[in-house]
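Next come the chains, spelled out residue by residue.
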Amino acid sequence: MKRLTAITVLIVSCIFCFSASSSGQDAREVSKNSADIIALSSMEMVTTLKIYDQKGNVRTRKVSIASKKFGEVTKMIMRFIDPADVRGTAMLVYDYEGKSDDMWIYMPALKKSRRIVSNEKGKNFMGSEFTNADMSKPNLDDFNYKLLSTETLNGKNCFKIEATPKTKELEGENGFSKKISYIDKGNYLCYKIEFYDLSGKLSKTQSISDYKPVSGGKFFYYLMEMNNEQTGRKSVLTTDAFQAGSNLSESLFSPANLEKQQ
Amino acid sequence: MKSKILTILAILILNTLSAQSLFTDSQKDSTSEQKNDLAQKTEISGYVRGAFYGGSKNYDLTSVFAQFAFKARYSGKHTILHSEIWFRGGNMFDKYYNKLDIVEAYAGYVSDKFDFLAGNQIVKWGRTDGFNPTNNINAKDYFFLTSDPDDQNLSNFMLRAKYRINSAIDIDLIGVPYYRSSNYRFDLFSLGQYAKFVGPTVPESKFKNGAIAAKINFELSRIGFSLSYFRGYDPFHGFNVKTINLDISNPNPAPEILYTATSFHKQSFGADFALPLGSWILRGEAAYNRTKGADLFMFIPAPDISYVAAIEKDFGGYLTILQYVGKYVPDFKPLAEPVLSHPENPMSQLLYLQNMVYYQSAMFNRKIFNQQKSSNHALSLTIRKSFAYETLTGELTGFYNITSKEYMIRPKLSWNATDNLTFSIGGSYMHGPAESLFDYSAPVMNGLFLEIKASF
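From first to last, the protein sequence lines are chains A and B. All residue numbers for the first sequence refer to my numbering, where the first residue is 1 and numbers rise by one. All residue numbers for the second sequence refer to my numbering, where the first residue is 1 and numbers rise by one.
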C-alpha cells in the first residue's frame, strides 16, 4: 500500500530536480524557474514503470494518472492498469498548500476506499529504485543549496547544484545526505541527479530525458531512469501518453468515485 | 514491439482527439485491444488459483480446490455492467464438489451525480478493519477457508442508489428484497453426540422481510465520517432448538436435539470515522443494534452497542494496526443454570434435561453474538511488512478476546514470483478454554494454507 502513497504527485515527479538552486537568491530563482516550466494546472497521463534487477529480469507496472486543480486544492487520481493482480487499485490525493495531503486508496478486493497517511519519503516507490521522495513535491525550505560549478552534459550547459537536507531528520526522511542536480542554464530543464547515501557514498543516478513541449511554453518529460550504483538495479519510467489539461469533472476526484471506477 | 506500437497509437489518438479523457479511456485499455468502441469500454480479467488448506485435528485436507475466476466489465458513458464468476471444484470437509458462484453480477445507470445499480452486489461499510459493526448488508461464508478473508464475502441481490451531493458528501441507499444468511458449519463441530443441525429457518420471501439501509458519508479535509442505518434480518444469524426428541421406549433413551439456523430482525444505527493525526490515523466505528424478543427467543441477541477503536501507523515500513473491539449489552441478564430439584422423579429429570438443553443452547448463541457478559472486550493487532522490493509481503494478525480468553494468530507470507504469479503460505491457529467458540472451532478450522494464483 505504501508504494501507492508514493505516487501522490507523480505529475510533478521531476520537480525535485528543479528544487536545487544556486547559492543565495540566485539558486532559489533557478529553482523557481525550473519548477514553473513544468508546472501544469491539470493533466492526464499513462505511464509505465519497468523495474530491472541485477540479472536483467524485468517487472512492469502501468498506471494512469489525472490531476487537476480545484480552487486551492490540486486533486490527483491514479489507477493501476497492470499487472493484473493489482489492476483496479486506485489512489486519490488532495494536495493542499501549507498542510499535509489527504489520501485514499481503493483496492478491488476491499470493495471500499480507505483513508491513509504516508510519512516515508525514503521508501522505495512501487518496488523500484525511485523513492517516495523522488515522486513527491519537495519543500524548497527543507534543503540548503550550493552552486558547485557549471558543467556541460550531453552538449547542454548546466548548473551543477548541490542540495543537502537541512536536518538529520530530513536526511532520514528523504533517504539521502545530498543530491547533485544538472539543470540546463538556458531553459531550466533538469537532465541528471546524483544521490548520495547517508554515509556520503554515491548511491543512485537519475537521468531525465525526452522532454517535449506542451501548452503555454511548458515542458514535460517522457523518460526517467534511475540507476542504483551500489546494487546494479535500475528502474525506467516511461510516459506512454500525456495530455496537458483535463476535462474531467471534480466529482471524479472523490473517494466515492474510486469505487465506481474500479 | 507490440507495446511500442500501442504507445505510438495511443499518442496519435491523443493528439487527434484531445477532447477525450486519457485517464478514463486508459481504464478500459487493460486488454490492450483498442480495435473498436466496445473493446475500449470492456475489460476482461481474472485469475486461476490452486489452493490447499489443511492440517487440522479433524481434517488432513480441510479444503483443497482449483478455481477459475472470470471478471468482465463494461463502462459506457451512463451504463455499467460488472460481473465476477467463479468456477470452483475440489474437496471441502470430505465432500467433493463442483460449483459455479456468481460473486457479483450487476448493471446500472451511472453519472457524475447519481448511480443506480441492480443485481448481485457486495457492499462493505465501515472504516475499521475486519471488525465492522456498521457492516450488515452482505452475508459471509465463514467456512470458506483460504489465504484471503475477503473470499468469504457473499453477494446478494440488491438495488443500490448513490447520490453525490458534492465531491465530499454522498448518500447511499440500498434495498435488499430477499434474505441471504451467512454460512456457519457448526454441524462440523463436536457439540455433543445428541446435537444435530437441520435446514435453516429463514424469513419468507416477502417485501416486509426485505432489508433497507442508508448511509450519508462525509469525506472532509481533515476527517472522514458517516452515519448509517440498517433495518432487516441480520445475515449473521443465531440458532434455535427446533425439537428435542426422546425415545422413551428405548431401554437406554437417548435424546436427539435438532438445531436450526434462525435469522433475527434488527435495526442498526451506526457511525464511523477516520481521522489522520500526523503520521498516525485513528479510526472508529460503532453501532447500536436494536432487537426485540431476546428474552423469549435464544436466537435473538439482546440489544447492544458494538464499537471498534483503531490506531494505525507505519513504523519504518511495518504497517501496524491495533484495534480494540468491544460490545456493551445494556440489559444484560445472566442465564441461570438449571438445577435438578428431584433427581428421583422421572418427570423432573425430563424437565431438567429440556431446561439444560435450552440453557446450553442459549449460552452457545451468546458466544456467537459475543454477549457473554454485559461488557465484552477484545484486541486485535495486525503487522504487515514488504521486503525484497515489494515482491515479498509478510503479515501477522493476532486476536485476543479478553472476556472469553480466546485467541487466534494468523501469519501469512506472499511472494510475487512474477508480475502475474503469486504464492501464498500461512496458517491460522485458534485456541480457547473448554466449550468456548474457538475451542469448538479449532479442530476444524486450524490449519496451514498454500496457494498459487496466476492473474490475467
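Hints are computed from structural coordinates only; laboratory data are not their basis. Please note that the accuracy of each hint is not assured.
[Stated by the list, open to error] 20 Å max Cα-Cα, derived EDC-like pairs, lysine to aspartate or glutamate:
1. B/41 - A/82
2. A/111 - A/151
3. B/57 - B/439
4. A/111 - B/187
5. A/178 - A/210
6. A/218 - A/184
7. A/50 - B/94
8. A/260 - B/395
9. A/160 - A/26
10. B/77 - A/101
11. A/160 - A/36
12. A/166 - A/29
13. B/313 - B/151
14. B/41 - A/101
15. A/55 - B/419
16. B/313 - A/101
17. B/313 - A/259
18. A/123 - B/172
19. B/57 - B/84
20. A/112 - B/84
Evaluation of the provided hints:
Proposed proximity of residue 41 of chain B and residue 82 of chain A is supported: the alpha carbons are some 17 Å apart, at most 20 Å. With a C-alpha separation of about 52 Å, the suggested pairing of residue 111 of chain A with residue 151 of chain A is violated against the 20 Å cut-off. Between residue 57 of chain B and residue 439 of chain B, the direct Cα distance comes to roughly 12 Å. Compliance with the 20 Å bound is thereby established for this hinted pair. A distance of roughly 31 Å separates the Cα atoms of residue 111 of chain A and residue 187 of chain B; the hinted pair therefore is violated under the 20 Å criterion.
Annotation: proposed proximity of residue 178 of chain A to residue 210 of chain A is violated, straight-line Cα distance about 25 Å (limit 20 Å). Between residue 218 of chain A and residue 184 of chain A the alpha-carbon distance is near 15 Å, which keeps this suggested pair within the 20 Å criterion. The suggested pairing of residue 50 of chain A with residue 94 of chain B is violated, with an alpha-carbon distance near 45 Å, which exceeds 20 Å. Between residue 260 of chain A and residue 395 of chain B the alpha-carbon distance is near 29 Å, which puts this suggested pair outside the 20 Å criterion.
As the CA atoms of residue 160 of chain A and residue 26 of chain A are separated by approximately 13 Å, the hinted pair is consistent with the 20 Å bound. Taking the CA atoms of residue 77 of chain B and residue 101 of chain A, the gap is near 31 Å; set against the 20 Å cutoff, the hint is violated. Between residue 160 of chain A and residue 36 of chain A, the direct Cα distance comes to roughly 19 Å. Compliance with the 20 Å bound is thereby established for this hinted pair. Taking the CA atoms of residue 166 of chain A and residue 29 of chain A, the gap is about 19 Å. The hint holds against a cut of 20 Å.
At most 20 Å may separate the alpha-carbon atoms for a hinted pair to count; residue 313 of chain B and residue 151 of chain B exceed this at roughly 26 Å. The suggested pairing of residue 41 of chain B with residue 101 of chain A is violated, with an alpha-carbon distance near 32 Å, which exceeds 20 Å. Restraint check for residue 55 of chain A and residue 419 of chain B: the C-alpha separation of about 16 Å stays at or below 20 Å, so the hint holds. At roughly 16 Å between alpha-carbon atoms, residue 313 of chain B and residue 101 of chain A fall within 20 Å of each other, so this suggested pair holds.
Among the hinted pairs, residue 313 of chain B with residue 259 of chain A is inconsistent with the structure: their alpha-carbon atoms are about 24 Å apart, more than 20 Å. Using a Cα cut-off of 20 Å, the hinted pair residue 123 of chain A and residue 172 of chain B is violated, with the two alpha carbons roughly 37 Å apart. Distance hint between residue 57 of chain B and residue 84 of chain B is unfulfilled; the C-alpha atoms sit about 34 Å from each other, more than 20 Å. This hinted pair checks out: residue 112 of chain A and residue 84 of chain B have alpha carbons roughly 17 Å apart, not beyond 20 Å.
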